[in-house]
Amino acid sequence: IPKNHRTSIYCTAVRTGTPAEWRLLKEKYLRSNCATEQSVILSGLACTQNKTLLE
301 IPKNHRTSIY CTAVRTGTPA EWRLLKEKYL RSNCATEQSV ILSGLACTQN
351 KTLLE
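Under the working numbering, the sequence shown is numbered contiguously, ending at residue 355.
In short, the hints are calculated from the structure, not lab data.
Don't be surprised by glycine CBs; every beta carbon is placed ideally from N, CA and C.
Among the hints, a few may not be true.
Pairs of lysine-lysine, BS3-like flavour, derived with a Cα cap of 25 Å [as the list claims (entries may be wrong)]:
no.	residue 1	residue 2
1	K303	K328
2	K351	K326
3	K328	K351
4	K303	K326
Just the calculated beta-carbon pair ranges, DEER-fashion [unchecked claim]:
no.	residue 1	residue 2	range
5	A346	K303	27 to 35 Å
6	T307	L330	29 to 37 Å
7	L324	K351	25 to 33 Å
8	P302	T352	13 to 21 Å
9	S308	C334	16 to 24 Å
10	K351	P302	29 to 37 Å
11	P302	E355	13 to 21 Å
12	L342	A320	16 to 24 Å
13	N304	E355	13 to 21 Å
14	S308	L353	13 to 21 Å
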């Protein structure tokens with residue numbers, strides 16, 4: 301995924317996907333050691349409409 305498209309792609313995937321997509325992105329966040337990438341991933345994770353996932 302091109303770096304300049306990741307925020308919108310992650311957000312769309314999480315907003316329209318299942319909890320499985322959210323968990324996959326969370327695992328990507330936990331494996332990342334790059335603060336910039338972690339920030340982009342957190343923005344995507346925050347797009348969920350499933351409040352249970354955020355608890």
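Checklist entry - Checking against the hints above, which ones are violated? => result 5, 6, 7, 8, 11, 13
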